[in-house]
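Listed in order, the protein sequences are those of chains H and C. Position 416 of the first sequence, counted from 1, bears residue number 847 in our numbering, the numbering being contiguous throughout. Position 188 of the second sequence, counted from 1, bears residue number 372 in our numbering, the numbering being contiguous throughout.
In case anyone wonders, no lab produced these hints; they're calculated from the structure. Note that CB positions come from ideal geometry on N, CA and C, so glycine has one too. Possibly wrong hints are sitting among the right ones.
Pair by pair, the computed Cβ-Cβ distance ranges are [as the list claims (entries may be wrong)]:
id	chain 1	residue 1	chain 2	residue 2	range
1	C	Asn583	H	Glu840	44 to 50 Å
2	H	Glu840	C	Ala623	57 to 63 Å
3	H	Glu467	C	Gly287	38 to 44 Å
4	H	Asn822	C	Ala208	56 to 62 Å
One-sided and incomplete, this derived list gives chain H residues near chain C with beta-carbon spacing under 10 Å [what the hints assert, rightly or not]:
id	residue
5	Leu494
6	Gly495
7	Gly496
8	Ile773
9	Gly774
10	Asn776
11	Leu777
12	Cys778
13	Leu792
14	Pro829
15	Pro862
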Amino acid sequence: MADLSINFAGVKSPNPFWIASGPPSNTAYQSHRAFEAGWGGIVWKTIGDPIVNVSSRYSALNLGGQRMVGFNNIELISDRSPETNFREIKEVKDRWPNHAVIASLMVDTRERWHEFVKRSADCGADGIELNFGCPHGMCERGMGSAVGQNPDVAETIVGWVMEAAEIPVIVKLTPNITNVVYAARAAKRAGADAISLINTINSITNVNLDTLTPEPSVRGLSSHGGYCGPAVKPIALNMVQSCAADPEVGLPISGIGGIGNWRDAAEFLALGSLSLQVCTAVMHYGFRIVEDMNEGLSDYLDSKGYKSVADFSGAAVKSLSDWQYLDLNYKRVARIDYDKCIGCNLCYISCEDGAHQCIDLVDSAPYGLGPGRVPGKPVPKVREEDCVGCNLCSIVCPVDDCITMVEIETGREKFSWNDYQARLAKGEMQPIPAHP
Amino acid sequence: MLIKPLLDAGTAARNMAEKEARYAPQEALIESNRCLFCFDAPCIMACPTGIDIPSFIKKIANGNPTGSARTILTANVLGASCARVCPTEVLCEGACVVLDLEGDPVKIGRLQRYATDYVFEHQIDVLQAPAKKNGKKVAILGAGPAGLGCAAELAQLGYDTTVFDKKKEGGGLNTYGIAYYKMPPKISLDEVKMIERLGVKFQYGVEIGKDLTMPELEKNYDAIFLALGLGGANRLGIPGEDLPEVVDALEFIEWIHTKPLHEVPVGRRVAVLGCGNTAIDAVSQSKRLGADVATIIYRRGEDDMPAYGFEYELAKNDGATFHFHTIPTEVLAENGHVKALRLAKTETRDGKVQIIPGSEWTEEFDLVLKAVGQEKQSSAFEKLFPSLKLDRKGRVEHNPETMATSVPKLFVGGDCANGGREVVNAVAEGKKAARGINALLTKQNVTGPVQPSRYGAKDGALGSGFNHPIRVPELLAAMNS
Numbered sequence: 432m433a434d435l436s437i438n439f440a441g442v443k444s445p446n447p448f449w450i451a452s453g454p455p456s457n458t459a460y461q462s463h464r465a466f467e468a469g470w471g472g473i474v475w476k477t478i479g480d481p482i483v484n485v486s487s488r489y490s491a492l493n494l495g496g497q498r499m500v501g502f503n504n505i506e507l508i509s510d511r512s513p514e515t516n517f518r519e520i521k522e523v524k525d526r527w528p529n530h531a532v533i534a535s536l537m538v539d540t541r542e543r544w545h546e547f548v549k550r551s552a553d554c555g556a557d558g559i560e561l562n563f564g565c566p567h568g569m570c571e572r573g574m575g576s577a578v579g580q581n582p583d584v585a586e587t588i589v590g591w592v593m594e595a596a597e598i599p600v601i602v603k604l605t606p607n608i609t610n611v612v613y614a615a616r617a618a619k620r621a622g623a624d625a626i627s628l629i630n631t632i633n634s635i636t637n638v639n640l641d642t643l644t645p646e647p648s649v650r651g652l653s654s655h656g657g658y659c660g661p662a663v664k665p666i667a668l669n670m671v672q673s674c675a676a677d678p679e680v681g682l683p684i685s686g687i688g689g690i691g692n693w694r695d696a697a698e699f700l701a702l703g704s705l706s707l708q709v710c711t712a713v714m715h716y717g718f719r720i721v722e723d724m725n726e727g728l729s730d731y732l733d734s735k736g737y738k739s740v741a742d743f744s745g746a747a748v749k750s751l752s753d754w755q756y757l758d759l760n761y762k763r764v765a766r767i768d769y770d771k772c773i774g775c776n777l778c779y780i781s782c783e784d785g786a787h788q789c790i791d792l793v794d795s796a797p798y799g800l801g802p803g804r805v806p807g808k809p810v811p812k813v814r815e816e817d818c819v820g821c822n823l824c825s826i827v828c829p830v831d832d833c834i835t836m837v838e839i840e841t842g843r844e845k846f847s848w849n850d851y852q853a854r855l856a857k858g859e860m861q862p863i864p865a866h867p
Numbered sequence: 185m186l187i188k189p190l191l192d193a194g195t196a197a198r199n200m201a202e203k204e205a206r207y208a209p210q211e212a213l214i215e216s217n218r219c220l221f222c223f224d225a226p227c228i229m230a231c232p233t234g235i236d237i238p239s240f241i242k243k244i245a246n247g248n249p250t251g252s253a254r255t256i257l258t259a260n261v262l263g264a265s266c267a268r269v270c271p272t273e274v275l276c277e278g279a280c281v282v283l284d285l286e287g288d289p290v291k292i293g294r295l296q297r298y299a300t301d302y303v304f305e306h307q308i309d310v311l312q313a314p315a316k317k318n319g320k321k322v323a324i325l326g327a328g329p330a331g332l333g334c335a336a337e338l339a340q341l342g343y344d345t346t347v348f349d350k351k352k353e354g355g356g357l358n359t360y361g362i363a364y365y366k367m368p369p370k371i372s373l374d375e376v377k378m379i380e381r382l383g384v385k386f387q388y389g390v391e392i393g394k395d396l397t398m399p400e401l402e403k404n405y406d407a408i409f410l411a412l413g414l415g416g417a418n419r420l421g422i423p424g425e426d427l428p429e430v431v432d433a434l435e436f437i438e439w440i441h442t443k444p445l446h447e448v449p450v451g452r453r454v455a456v457l458g459c460g461n462t463a464i465d466a467v468s469q470s471k472r473l474g475a476d477v478a479t480i481i482y483r484r485g486e487d488d489m490p491a492y493g494f495e496y497e498l499a500k501n502d503g504a505t506f507h508f509h510t511i512p513t514e515v516l517a518e519n520g521h522v523k524a525l526r527l528a529k530t531e532t533r534d535g536k537v538q539i540i541p542g543s544e545w546t547e548e549f550d551l552v553l554k555a556v557g558q559e560k561q562s563s564a565f566e567k568l569f570p571s572l573k574l575d576r577k578g579r580v581e582h583n584p585e586t587m588a589t590s591v592p593k594l595f596v597g598g599d600c601a602n603g604g605r606e607v608v609n610a611v612a613e614g615k616k617a618a619r620g621i622n623a624l625l626t627k628q629n630v631t632g633p634v635q636p637s638r639y640g641a642k643d644g645a646l647g648s649g650f651n652h653p654i655r656v657p658e659l660l661a662a663m664n665s
């Protein structure tokens, strides 16, 4: 059995699954429940000077009857006192000494940072996470994403924290920035032990078309919120990999953003995360979802021969590069399995109207009648010589493995955009003719 | 008649309630999102009226039930009743590709009901007739599905349209002849009112040939659409057939639609002769109205019955019993009322049903419902339209594209043209005839098929018009019969 335990920048955890800082990590009660369910760690809901929340705090993007594809909140940091929070962290650590408890912090002045860092260590927290990402409410007061969006400011504040820190410090990064790598580098320069990303993305999920007020509505007025949940996973993966691949960052990464099951978790690990943080999926289904996460990840690592999470972490980082290194001589085409085709013809219309017009509707006679295909109704056929291999038809096809993208041997050696530009510059070749 | 109503009002209403509940908005959302939004979907081609089904379903998914109903009713003005009475299993839902993907098709009929109920309930008229009429007048004989389909289409084209029917209300068999649990008459009557709001005039209690003669019609109207359906039940040709408790099954169903449910007389022991879909409607409703025994008597076997498989299942679930390979030889009476049926076993030799000698027995019944097919109106039509050509099965001969008959200005559609098919076929023929009439009166060609196809846009590839690509054998058989 693969070893799921991790040592994340000095924070030890029986498995990589942590509750992210947010509503599920607000109290000792919830922490006990999370650990009983099988979570490895918890990042406490951000502690700072007490705030006051509004009523009506969350909203969601539903899609095609599927709830909470995306989720949005305008809730602030903990509305409980620092005393209560630190006392409860101690209580949790006393009961769960082998689990990771991280104090998420957000204050303003150097003195306050020193004070809160020290209090975190005093209560037994295994580490500290700096909330430089919260995109609503706190940033207007010069905290949260106001810090994370300015690498210089972030670097200064991380510096203050490091002056007082005796336990590992994780800097949580905001995605509301042009290039997250700059913020990650700033954290590294200031001596942080690790980074976590992404925090939520600025969002408005929807507008009520009767009242013309977006949700969450507070007496007819809403506010820009923070977006998370399954819909943000691709954005989070992109940012995680960018930081993992950057030679100047070189910090352990705690991956956050749309993780809801072991597959999501494995993808975040593959792209360079070592620990994983989950909030929205728990807000949807409760702490119990971790059982399948642990089981699924363990089985997956076993099936692929990985000995531990650390062994697997980053396994796919190098499978991405900048576009100019991709092989222009690689070719794939779409092939339709007529035994599986049900005749919806979405491949045809998507290619015809939405892509490159490489699928014809032809007489079905040579292809027989499959399920759903009826006499007289034409079947889609790919013109392979014109197919650009864009994948669209295979993406829209509702039947698994009906349209596959098949590699065509071109017999030509690898030839990237960089190679092309180099040979053009040397006068070794003519420009490739533009597509008609 | 000796038979009496058997149930109190509450029980009768409960037993006869629509067999499926209307979708709640969330159910409709979930179901509509199962639709793949096929391009030139097989379901469209399986629908005789060519409703753009993926579009109307997408509109439900997008929270636009009004637009959805507009898509439905533009193609099929009786979309609300067809949503309930269409054999969707062998039409749109039988062609649905999700059936192949998941083993369970998108519930097109129930979604269609959801959208059409929405506009009827909110009193939204999605169809419109032009404010100015084109000055031409069309008479429609028969207010059943074919007549209504034709009238609605003509009204939208600007014709001054009048529908004549001998009944007190419109809708034809949709109002009087559909099993109550499939569709209460209110649905059909609401459809008639909607067509009235398009400017179509209705004259009820008018018998053609008696109250209104052909010369009058020919003089006053630019075209006439004949949609008088079929005649009464076929004769059995056995002794006792004329006893008071031997009733045409359609007449029995009409009682159900014209009396309060708890006042409909029904036998304790009901025999239904025949095993088509009307027989099923009769036997199931007999059980639901309190009959102790309701038995189908059919001269052939289970595999030969004309009723759809899902109808057979429904009747069995309602507790109906079945005597296959059985034929009545006499209706026995006591004091002038039905007492029993004399029955005999049959066998089929060389395709012919024969009585097995010595197999006769007697079984008590107090109501006998005849569902052995309706007579053609051959003799009535011969009197009304001496030059009208009928085929050897008694159906009115017509051009399949325009529905024009051998009589100038006379068009035909529905059961009297097709010999008796589904409501949706009648609507499609009415619509086709309207286009034929429009072509005649505007001296233009009929353009495009009733069922649109988006194929063939490119290089004329395969052209359009492969109608009815049905892969359900029982429907193919029904269509070819």
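Each hint tested on the structure:
| no. | hint | verdict |
| --- | --- | --- |
| 1 | C:Asn583 <-> H:Glu840: 44 to 50 Å | violated (58 Å) |
| 2 | H:Glu840 <-> C:Ala623: 57 to 63 Å | holds (58 Å) |
| 3 | H:Glu467 <-> C:Gly287: 38 to 44 Å | holds (40 Å) |
| 4 | H:Asn822 <-> C:Ala208: 56 to 62 Å | violated (38 Å) |
| 5 | Leu494 | holds (9 Å) |
| 6 | Gly495 | holds (4 Å) |
| 7 | Gly496 | holds (5 Å) |
| 8 | Ile773 | holds (4 Å) |
| 9 | Gly774 | holds (6 Å) |
| 10 | Asn776 | holds (4 Å) |
| 11 | Leu777 | holds (6 Å) |
| 12 | Cys778 | holds (9 Å) |
| 13 | Leu792 | holds (6 Å) |
| 14 | Pro829 | holds (5 Å) |
| 15 | Pro862 | violated (32 Å) |
Comparing the model with each numbered hint stated earlier shows that hints 1, 4 and 15 do not hold.
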